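Count along the sequence shown from 1, then add 164; that gives the number in this note's numbering.
Source of the hints: derived by calculation from the structure; they are not laboratory data. Heads up, a few of these hints could be off.
What the hints assert, rightly or not - DEER-style ranges, computed between Cβ atoms:
no.: 1; residue 1: 241; residue 2: 205; range: 24 to 30 Å
no.: 2; residue 1: 292; residue 2: 250; range: 33 to 39 Å
no.: 3; residue 1: 205; residue 2: 237; range: 30 to 36 Å
no.: 4; residue 1: 241; residue 2: 187; range: 21 to 27 Å
no.: 5; residue 1: 198; residue 2: 250; range: 25 to 31 Å
no.: 6; residue 1: 229; residue 2: 252; range: 24 to 30 Å
no.: 7; residue 1: 263; residue 2: 209; range: 36 to 42 Å
no.: 8; residue 1: 226; residue 2: 281; range: 27 to 33 Å
no.: 9; residue 1: 250; residue 2: 211; range: 18 to 24 Å
no.: 10; residue 1: 277; residue 2: 213; range: 17 to 23 Å
All of these numbers come straight from a predicted model, not from anything done at the bench. Idealized CB from N, CA, C, for every residue including glycine.
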Amino acid sequence: MSPTRLFVPLSLALLAACSTQPKQNVTVEKQSECPAKLHNGQNLILTLPSNPTTGYRWAIQDSAGGVLRALSPEVYSNPEDAGVVGAAGISTWRFQAVATGTGRLRLTSQQPWAPEVPAVDTFDCAISVN
Numbered sequence: 165m166s167p168t169r170l171f172v173p174l175s176l177a178l179l180a181a182c183s184t185q186p187k188q189n190v191t192v193e194k195q196s197e198c199p200a201k202l203h204n205g206q207n208l209i210l211t212l213p214s215n216p217t218t219g220y221r222w223a224i225q226d227s228a229g230g231v232l233r234a235l236s237p238e239v240y241s242n243p244e245d246a247g248v249v250g251a252a253g254i255s256t257w258r259f260q261a262v263a264t265g266t267g268r269l270r271l272t273s274q275q276p277w278a279p280e281v282p283a284v285d286t287f288d289c290a291i292s293v294n
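My request is simple: use the sequences and hints to build the entire structure.
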């Protein structure tokens with residue numbers, strides 16, 4: 165059998181294997197990207213606009229604990245090109261899909277010292293893990 169005849173089927177098999185592997189990270193940056201569908205073992209990276217200098221912080225109200233596990237606490241980053249003290253930045257959370265099922269990832273933005281005041285923003289995302 166010629167090497168060319170063997171190369172073509174092996175190449176097709178390799179391409180098929182690569183196409184069935186889900187990407188390791190799924191990034192969600194806004195409510196419209198929900199519901200989020202993950203495979204067991206995939207990471208979910210949630211990034212939301214944030215400006216803790218105003219006193220408002222995102223707080224996790226429901227972490228989809230049955231299907232997601234937090235990999236790290238919130239990480240706040242301020243874009244370096246903003247050049248303005250107090251400019252808004254981004255808060256990022258990392259989760260890993262650990263069980264098949266569904267859950268809700270829900271966060272609210274409010275001042276932590278005033279829980280009686282309604283949240284100024286909410287993020288609510290249905291999570292589905294296969």
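Hints and how they fare:
no. : hint                  : in the structure
1   : 241 - 205: 24 to 30 Å : holds (26 Å)
2   : 292 - 250: 33 to 39 Å : holds (38 Å)
3   : 205 - 237: 30 to 36 Å : violated (21 Å)
4   : 241 - 187: 21 to 27 Å : holds (22 Å)
5   : 198 - 250: 25 to 31 Å : holds (30 Å)
6   : 229 - 252: 24 to 30 Å : holds (29 Å)
7   : 263 - 209: 36 to 42 Å : violated (19 Å)
8   : 226 - 281: 27 to 33 Å : violated (20 Å)
9   : 250 - 211: 18 to 24 Å : holds (20 Å)
10  : 277 - 213: 17 to 23 Å : holds (21 Å)
The structure fails hints 3, 7 and 8 (numbered hints given earlier, in ascending order).
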